[in-house]
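Residue numbers (this note's numbering), protein chains in the order written: chain Y, 1 to 422; chain S, 1 to 299; chain U, 1 to 310.
FYI, nobody ran anything at the bench for these hints, they're computed from the structure.
Ideal Cβ positions, reconstructed from N, Cα and C, are used throughout, including at glycine.
Be careful, since some hints might not be right.
[To be verified] Partial pick of chain S residues on the chain Y-facing surface, computed with a CB cut under 10 Å:
(1) Pro125
(2) Tyr132
(3) Ser137
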Amino acid sequence: MNEALLDVQDLRVYFPVFQGFVQRILGGGDVKVHAVDGVSFSIAEGEVFGLVGESGCGKSTIAKTLVGLVRATSGRIRFREEDITHPGPKALFHVRERIQLIYQDAHAALSPAMTVGEAIADVLRTHGLATESGERVPPKSEDELRQAVYRIFDDVGLRPPVFYYDKYPDELSGGQKQRVVAGRVLALRPELIVADEPVAMLDMSVRARMLEFLLELKAKYNLTYLFITHDLATAKFMCDRIAIMYLGRIVEMGPARTIYADPKHPYTRALLQAIPIPDPERRTKKVLPRGEVPNAIWPPAGCRFHPRCPVALATCGWEGRDVIALLEERWLSPELAEREALAGPVEEWEAEGLLARRDVGKSDPAPVQVLMQRIVQETGGPLADAIRAIRVEGSAIVVEFRAPDPLVPQEVEGRVVECLLY
Amino acid sequence: MESKGLSVTFDTPDGPVHAVTDVDLTIEKGTTVGLVGESGCGKSTLGRAILRLLPENARISGTVRFDGTDLSTRSMIFQDPMTRLNPLMRIRDHFIETIQAHDPGVTTDEAVSRALRVLADVRVPADRMNMYPHELSGGMRQRIMIALCLLFKPALLIADEPTTALDVILEAQILQLLQSIMHGYNMAVLLITHNLGLVAEFADRVAVMYAGRIAEEGATVPLFREPYHPYTQGLLRSVIDLDTTKLYSVPGAPPSLLGDSVGCPFYPRCEKRMAVCETVFPEIRPVGEDRRKVACHLY
Amino acid sequence: MAVGTARGRTTILGRFVGRPAGRLFAHFLKESGTAAGIIVWIGIGIVLAIIVMAIFAPFLAPFDPNTKVADPETAPGGRFVMGVDRSGQDVLSRIIWGARIPLAIIAVATTISLAIGLPIGLLSGFVGGRLDRILVLVMDSIYAFPGLLLAIVIAAIIGRGILNISVAIAIVYIPTYFRIIRNHVAAVKQEPYVEAAIALGMPRRRIITRYVLPNVAQSIPVIFSVNAADSVLTEAGLTFLGLGLPPGIPDWGFDISLNWQRFEASWWATFYPGLFILILTTALTFVGEGLNDILNPLLRKKDFKAKVEA
Numbered sequence: 001m002n003e004a005l006l007d008v009q010d011l012r013v014y015f016p017v018f019q020g021f022v023q024r025i026l027g028g029g030d031v032k033v034h035a036v037d038g039v040s041f042s043i044a045e046g047e048v049f050g051l052v053g054e055s056g057c058g059k060s061t062i063a064k065t066l067v068g069l070v071r072a073t074s075g076r077i078r079f080r081e082e083d084i085t086h087p088g089p090k091a092l093f094h095v096r097e098r099i100q101l102i103y104q105d106a107h108a109a110l111s112p113a114m115t116v117g118e119a120i121a122d123v124l125r126t127h128g129l130a131t132e133s134g135e136r137v138p139p140k141s142e143d144e145l146r147q148a149v150y151r152i153f154d155d156v157g158l159r160p161p162v163f164y165y166d167k168y169p170d171e172l173s174g175g176q177k178q179r180v181v182a183g184r185v186l187a188l189r190p191e192l193i194v195a196d197e198p199v200a201m202l203d204m205s206v207r208a209r210m211l212e213f214l215l216e217l218k219a220k221y222n223l224t225y226l227f228i229t230h231d232l233a234t235a236k237f238m239c240d241r242i243a244i245m246y247l248g249r250i251v252e253m254g255p256a257r258t259i260y261a262d263p264k265h266p267y268t269r270a271l272l273q274a275i276p277i278p279d280p281e282r283r284t285k286k287v288l289p290r291g292e293v294p295n296a297i298w299p300p301a302g303c304r305f306h307p308r309c310p311v312a313l314a315t316c317g318w319e320g321r322d323v324i325a326l327l328e329e330r331w332l333s334p335e336l337a338e339r340e341a342l343a344g345p346v347e348e349w350e351a352e353g354l355l356a357r358r359d360v361g362k363s364d365p366a367p368v369q370v371l372m373q374r375i376v377q378e379t380g381g382p383l384a385d386a387i388r389a390i391r392v393e394g395s396a397i398v399v400e401f402r403a404p405d406p407l408v409p410q411e412v413e414g415r416v417v418e419c420l421l422y
Numbered sequence: 001m002e003s004k005g006l007s008v009t010f011d012t013p014d015g016p017v018h019a020v021t022d023v024d025l026t027i028e029k030g031t032t033v034g035l036v037g038e039s040g041c042g043k044s045t046l047g048r049a050i051l052r053l054l055p056e057n058a059r060i061s062g063t064v065r066f067d068g069t070d071l072s073t074r075s076m077i078f079q080d081p082m083t084r085l086n087p088l089m090r091i092r093d094h095f096i097e098t099i100q101a102h103d104p105g106v107t108t109d110e111a112v113s114r115a116l117r118v119l120a121d122v123r124v125p126a127d128r129m130n131m132y133p134h135e136l137s138g139g140m141r142q143r144i145m146i147a148l149c150l151l152f153k154p155a156l157l158i159a160d161e162p163t164t165a166l167d168v169i170l171e172a173q174i175l176q177l178l179q180s181i182m183h184g185y186n187m188a189v190l191l192i193t194h195n196l197g198l199v200a201e202f203a204d205r206v207a208v209m210y211a212g213r214i215a216e217e218g219a220t221v222p223l224f225r226e227p228y229h230p231y232t233q234g235l236l237r238s239v240i241d242l243d244t245t246k247l248y249s250v251p252g253a254p255p256s257l258l259g260d261s262v263g264c265p266f267y268p269r270c271e272k273r274m275a276v277c278e279t280v281f282p283e284i285r286p287v288g289e290d291r292r293k294v295a296c297h298l299y
Numbered sequence: 001m002a003v004g005t006a007r008g009r010t011t012i013l014g015r016f017v018g019r020p021a022g023r024l025f026a027h028f029l030k031e032s033g034t035a036a037g038i039i040v041w042i043g044i045g046i047v048l049a050i051i052v053m054a055i056f057a058p059f060l061a062p063f064d065p066n067t068k069v070a071d072p073e074t075a076p077g078g079r080f081v082m083g084v085d086r087s088g089q090d091v092l093s094r095i096i097w098g099a100r101i102p103l104a105i106i107a108v109a110t111t112i113s114l115a116i117g118l119p120i121g122l123l124s125g126f127v128g129g130r131l132d133r134i135l136v137l138v139m140d141s142i143y144a145f146p147g148l149l150l151a152i153v154i155a156a157i158i159g160r161g162i163l164n165i166s167v168a169i170a171i172v173y174i175p176t177y178f179r180i181i182r183n184h185v186a187a188v189k190q191e192p193y194v195e196a197a198i199a200l201g202m203p204r205r206r207i208i209t210r211y212v213l214p215n216v217a218q219s220i221p222v223i224f225s226v227n228a229a230d231s232v233l234t235e236a237g238l239t240f241l242g243l244g245l246p247p248g249i250p251d252w253g254f255d256i257s258l259n260w261q262r263f264e265a266s267w268w269a270t271f272y273p274g275l276f277i278l279i280l281t282t283a284l285t286f287v288g289e290g291l292n293d294i295l296n297p298l299l300r301k302k303d304f305k306a307k308v309e310a
C-alpha cells in the first residue's frame, strides 16, 4: 500500500535580494526572489516523481530545501507524518539519513583533495554503518570501514573496488564520478533520493547507461525518486508522475502518461512542442510563446504565464506592465516608433499594479489618449479586452485594467491544472 | 567554405593531442551544416580552427578556403553569452567598439545607427543599448551576441553550442531567429552541437565527428533515415526522445586523443567491427547517393 | 592497486595532509626539470646549505667568533678569508656562527604565524558574518603598518630576547596568512562539494578540516616561504637597531650595526653579513615563487582538462 512518503504543502521559498543602502532607501520595501511560490505535491513510496521545468522555475530550490540546504520561508514539509519543515540540528542530521541529493555536476560535488574512497568512508564515519536491523553503528576498525566502502563501490558498479578506492576525482570519467556520488549518497541508505538533473552533463550516448543505473538502484534499494530535469523526453521515460513548474508554481501535475498524451496547460504544450525531434522528416512549424521567462522578483500577476501564453484570456492577470511590454514590442519597428512618438518613449511609462501611467507634463494629454486607444484597438486580443479604461488624470494618461479572476488548481481528466481555461 | 585535410594538434605537457585530424568539410553558400559529436570529439576545435581562433599551443595543417571574395567575413557566436560580453561595458559600447575596430573611420553616431538596425533584426528593443550585460536576460544576451556577429554581413556564421545553456523554449526561439536571419542575410551557418534534435530541425547537411575525424557526412534527411557509420547508428539509437521506450547506450568511452593511434578510432566500441578495423584506418569515401561520405571499412 | 602502509595512519595529519601533500609533492618532483623547478631546487639548496653551516658551526668556523684573533680591520686574505672586523674578530667565523640566530628566529616566527594565522583565517573565512568582519578589520589594520616599523614597536614593548623578537616578527606576518587563507576559504566555501558535504550531514568542524583545509592547503607553502624571506629582512633590521639580542651573540644584522660606520676602512665586515642576508632572503624567495609557479598551475591544469572535455 502506497502511503505518501513526502508531502509538501504550500511551500514558499523566498530569497532576499541584496540591495545597496541607497537603493533600499529609494526603492523602498523588501525585495525578494520568489523562487518557490506556493507549491504543493506529494510523493508516494516507490514512485519516480518528476519535477520538470526550465531553469529558474524553482525546481533546484525545492531540491535544496528538501535536503535542508535552504530554509523554507513558509509552508509545510512532511516526511512520513513527521514535520521536517524547520528541523533542529539533530533532527536535520536524521532527515539527511532519509532524504539525499544527487547532483547535476558530479565532478564539482567531490572534493578534489580527497580520494573517492575517502569521500565515502567519511560519510560512513560520520553516520555509522547500517546494520541489518536498520540501526547505525560506528565502525569497529579501519578495515571494517574499508570493506564497507568496497561493498558500496561494488553496488554502484565500480569494480574492482580496490582499484577505485585511492583514485582522485580528476582521474575518473563523468559517468564514474556520478556513480561515486550515488554511492556516497547510498551509504546513508536513504529512502528518498532527489536527483537534480543527473544526466544533463553527460553525453547523449552514455545517458541511457546512467538512467538504467538509477533504475537498478531504485529496484535494489527500494528507493523513491524525485527526479528533477528540464528534459521532458527523459522525464517521460523515467517518471510515474510529473509536475510541470513555471516561475515558482506548479502549473500541471499528474500521471506522466496522462499529461504527455494530452497536455492541458498551455505552458506544457509549449514545452512539448519546442523539443527538437531528432527526425528531420517530422519538422513542424512551431508556435512558440513570446518572450522569455520573467524574473522571479516581480512575477506577473494572476497566471504567471499570461504574458507569453498564446491562448490567454482577458481575465488571466493582465496588468500595467503588460501594456508597456506591448508598446516596447510594437515600437521595435522604427516606422511605427516614429509615427507614434507622441505616446513614447517607452521609458516614460510607469507601471503600478493594474495601472500604467504616462505623465505628459505640460503637453496636451488628449491626443495621447486617443493614440493609445487606437493602439489598443489595433492590438486587440485578451490584453485589449482586459482594459477597463484609458483615461486622463491630471497631466497623465492612465491605462486601467480589470482585476483578474482568482487562479485555483482544478482537477481535469485525471490531473491537476492551474489555468483559467478550465 | 571548403577545408581540406584540416588538422589541429595541441602541444601539451603530456604530449601531442590530435584534436582534429584530416577534416574535409564543405559548406555551400546559404546552407546550414550541422557538426555533431560528443564532448571531446573536436567539433569546437574545428570551428575555432576555421576562424583562426586557436590558442598558442595549437598547430594547424591543411587548408581552409573561402570561395568568392577571399576576405569575406566569418563570425562566431559562443555558448555562454555572459562570459563573452564584457561585463564592464554597456551594450552600445560593445557595438561601437566592434564597428570601429573594423572600420576606424566610422563615427559614433553611424555606429549606433548600424547597431540599432542589427538589433531590430534580432528583435531586441533599442532601450537595451544602454544597459550592462548582467542586467539582461540570457536570451537577450544571446540575441545581442548574434547581432554583433551580423554587423559585418558575414557569409558564414559559426554557432558553437548556441543553445546548451538555455532552455527548450528559448532554444527553439533562437533557432527560429537564426533561420529567419539566414534568409535575410544570405548567410551560411555551421551549427556545432551535440544535440541531434537541433541538427535534424535545422541543418541541410550533417557531419558526424568522432575522435577528431569526420565519421559520416551527408544530407540530413537520408542520413537520419539510414545512417551508415556504426557510430552514427549508435548515436541515433541512444537519443532519448518522446517516443523512446527502450534505453540504449553506446558501450565504452571515446578514446584519448593523446599521441598517435592506429586503425579506426571507433573500433573498441563498434558492434560491427572486423579484424581490419583494428589496424587500418578507414579513409572517408563516398558511399551511395546524396553525396554521402562514410569512413568505415564496411563500405 | 596496493595501498601503502604509511597511508593507513588514521591521524588527521596522515589523512588530510598525507595524501594531498603527497600528490603535490609528486607533481612538484615531476616539474623539477622546468625553469620554475630549477629555481626552487636552487633555493632549497642554498637554504639547506646555510642550515648545515649553522648546525656545524663549531666544526666549520676557523676561529671563535667572539675572540679577538688578529689586528682589527685586517683585509681579507691568508687565514682570514673574509677579513677581520673592527673588534679583531674573524668575519668568516662570525658569518658562520651568525647564521644560527636568524634561522632560529625565522623558524620560530613563521611557525607561530602559521599556527595562529591559519586557524583564524580558516574560521573567519568559513563562519563569515560579524566575526569575519571584525577579524578582517583587525588584520587589515595590522597589515597596513610597515612591517619593520611594527616589529620595532612590538619589540620595544615586549623587550629583548630571541623569543620576544620571534613573537614580534610573528605578529607582523599573521595578517598575511590570515588574508590569503581567509579569502581562499571564502571561495572554497561556495564550491558545490562543500554544499554536498553539508547535505550529507557532515558536522561543521569536519567540513572545515577535511573539505576546506585540504583544498586551501596549496597556498600555504608559498606563503610560508615568502614570509620566511621577508622575516629575514625584518630580523636583520631589528638586530641592526640593537633591539633584539643579548650582547655577544653573533648575528648578521647585528654585525652590520657594529661595523657599518667603519665601511670605508673595513668594508668587508659590513659587506659579508649583508651579502648573506641577501642570499638567504633570495633563496627563500626562490623557493616561494618557484613553488607558486608549480603548485598553482597544477590547479589550473585540472580546471583546463575539465573544461576541454566539456
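Hint by hint, here is what the structure shows:
no. : hint   : verdict
1   : Pro125 : holds (5 Å)
2   : Tyr132 : violated (15 Å)
3   : Ser137 : holds (5 Å)
This entry does not satisfy hint 2, going by the numbered hints stated previously; all others are met.
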